[in-house]
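Could you build the full structure based on these sequences and the hints that come with them?
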Amino acid sequence: MALTVLKVKNAKPGRHVDGRGLCLVVKPSGARTWVLRMQLKGHRRDYGLGSAHDVSLTDARTAAAELRRRVRDGFDPVAERRKARKVIPTFEAATRSCHETLGDGWKDGHHSRWLSGFERHLFPRIGKKPVDKVDSACVVEALSPIWLEIPETARRLLQRIGVVLDFAHVKGWVPEEVSLRSVRKGLPRQNDKRGHMEAMPYADVPSLMEKLATAAPTTGRDALRFTIYNAVRSNETRLAVWAEFDLEKAVWTIPAERMKAGETHVVPLSAPVVALLRKRWDERTSDTGLVFSNDGKKPISDMTMTKLLRDDGFATITVHGFRSTFTDWAAECTDFPKEVADKALAHKLPNKVEAAYRRTDFFEKRRSLMKQWADYLSNRTPAANASAAEPTSAPAAA
Numbered sequence: 001m002a003l004t005v006l007k008v009k010n011a012k013p014g015r016h017v018d019g020r021g022l023c024l025v026v027k028p029s030g031a032r033t034w035v036l037r038m039q040l041k042g043h044r045r046d047y048g049l050g051s052a053h054d055v056s057l058t059d060a061r062t063a064a065a066e067l068r069r070r071v072r073d074g075f076d077p078v079a080e081r082r083k084a085r086k087v088i089p090t091f092e093a094a095t096r097s098c099h100e101t102l103g104d105g106w107k108d109g110h111h112s113r114w115l116s117g118f119e120r121h122l123f124p125r126i127g128k129k130p131v132d133k134v135d136s137a138c139v140v141e142a143l144s145p146i147w148l149e150i151p152e153t154a155r156r157l158l159q160r161i162g163v164v165l166d167f168a169h170v171k172g173w174v175p176e177e178v179s180l181r182s183v184r185k186g187l188p189r190q191n192d193k194r195g196h197m198e199a200m201p202y203a204d205v206p207s208l209m210e211k212l213a214t215a216a217p218t219t220g221r222d223a224l225r226f227t228i229y230n231a232v233r234s235n236e237t238r239l240a241v242w243a244e245f246d247l248e249k250a251v252w253t254i255p256a257e258r259m260k261a262g263e264t265h266v267v268p269l270s271a272p273v274v275a276l277l278r279k280r281w282d283e284r285t286s287d288t289g290l291v292f293s294n295d296g297k298k299p300i301s302d303m304t305m306t307k308l309l310r311d312d313g314f315a316t317i318t319v320h321g322f323r324s325t326f327t328d329w330a331a332e333c334t335d336f337p338k339e340v341a342d343k344a345l346a347h348k349l350p351n352k353v354e355a356a357y358r359r360t361d362f363f364e365k366r367r368s369l370m371k372q373w374a375d376y377l378s379n380r381t382p383a384a385n386a387s388a389a390e391p392t393s394a395p396a397a398a
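Residues in the sequence shown are numbered consecutively from 1, following UniProt numbering.
Treat the hints as calculated values from the structure; they're not laboratory data.
Where is the CB? At the ideal position from N, CA and C, for every residue including glycine.
It is possible that part of the hints are untrue.
Straight line, CA to CA, 30 angstroms or less: simulated DSS-like cross-link-like pairs of lysine-lysine [stated by the list, open to error]:
| # | residue 1 | residue 2 |
| --- | --- | --- |
| 1 | K41 | K27 |
| 2 | K307 | K260 |
| 3 | K129 | K260 |
| 4 | K249 | K260 |
| 5 | K185 | K128 |
| 6 | K279 | K298 |
| 7 | K297 | K307 |
| 8 | K128 | K279 |
Pair by pair, the computed Cβ-Cβ distance ranges are [stated by the list, open to error]:
| # | residue 1 | residue 2 | range |
| --- | --- | --- | --- |
| 9 | D312 | S182 | 23 to 31 angstroms |
| 10 | H43 | P145 | 47 to 55 angstroms |
| 11 | K211 | S179 | 43 to 51 angstroms |
| 12 | R72 | S144 | 39 to 47 angstroms |
| 13 | P145 | R37 | 51 to 59 angstroms |
See the structure below:
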């Protein structure tokens with residue numbers, strides 16, 4: 001028989017049936033709970049509808065009828081409860097988890113710099129947002145401030161956001177795959193020419209180098225001078241470790257895994273570079289750690305050297321652009337063949353047949369070229385070149 005208000009009030013411990021699966025469960029403690037028993041996907045389960053002290057008999061019947069209707073329409077109470085119990089991480093936590101899980105298969109340089117753009121541009125804006133709430137509109141809003149200002153970085157971050165959201169979907173944090181194809185339609189067209197970094201005219205570089213050399217020494221200034229002297233990529237500088245250097249022979253050997261072309265690159269070091277390295281060697285915190293780091297473990301950020309240029313008033317010049325500056329100087333101010341300058345930049349020959357036959361790395365010619373570049377940057381006269389190139393006594397090589 002159906003329950004009444006009086007029966008509910010006086011019910012003793014046990015299960016009391018009202019009808020159509022609705023029951024009043026009374027525990028020995030006196031606690032009274034409404035329960036709806038239903039069969040869903042072949043399993044019989046009880047679904048709580050609240051305490052009888054808070055939910056009347058009439059309200060319990062109404063709630064039971066509503067739950068039955070929703071189940072007929074495809075609602076799964078068990079799945080919803082599991083979803084409610086699942087802790088959804090923030091976008092920042094999901095990104096760091098993705099980086100930690102997937103990063104083991106990446107090159108050291110890529111692994112170390114992968115998070116830097118998130119930390120600088122995205123975490124302050126959407127880092128605390130639950131990852132399942134990060135959609136295309138959210139990504140558009142986050143990338144808008146940098147989309148035109150630093151387009152290459154913005155494009156790279158868009159691709160990496162997609163990796164994070166795919167990872168979050170696999171983890172079950174995001175119920176459906178998130179497509180970011182529409183993001184670009186919500187952002188202005190980028191007019192930059194990819195692959196061309198704005199370079200400083202070579203005639204202006206000696207003045208900059210003098211300013212860097214006479215200013216208070218910092219890790220960033222040393223790194224920027226080192227990068228310009230050697231015409232290398234900023235990442236090759238940032239991740240350089242002492243074990244790669246032979247200061248007695250004035251040679252820097254960059255392993256293949258750290259090079260863009262995937263081939264070992266041997267750099268002849270000019271006298272000013274060796275002097276700079278010996279000074280840092282004397283101040284090192286580790287014999288094997290990073291050269292341009294305050295603790296030997298954490299590399300300086302991508303923006304450290306760029307900020308120095310910005311602080312000196314060079315709003316559009318890029319660190320990478322100094323490689324173009326070097327190329328222009330070598331072409332206009334020296335008689336060295338283009339292949340020697342290209343090899344100094346670790347460029348691969350586009351013609352595979354020619355590359356197969358030209359096995360020399362022009363090392364001795366590159367040493368002369370880099371010495372002339374260093375002399376030019378230091379505003380030395382040709383007469384002073386010979387003495388400037390002579391090595392000076394210094395501590396043992398790293």
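- Structure versus earlier hints - violations, ascending order: 3, 8 and 9
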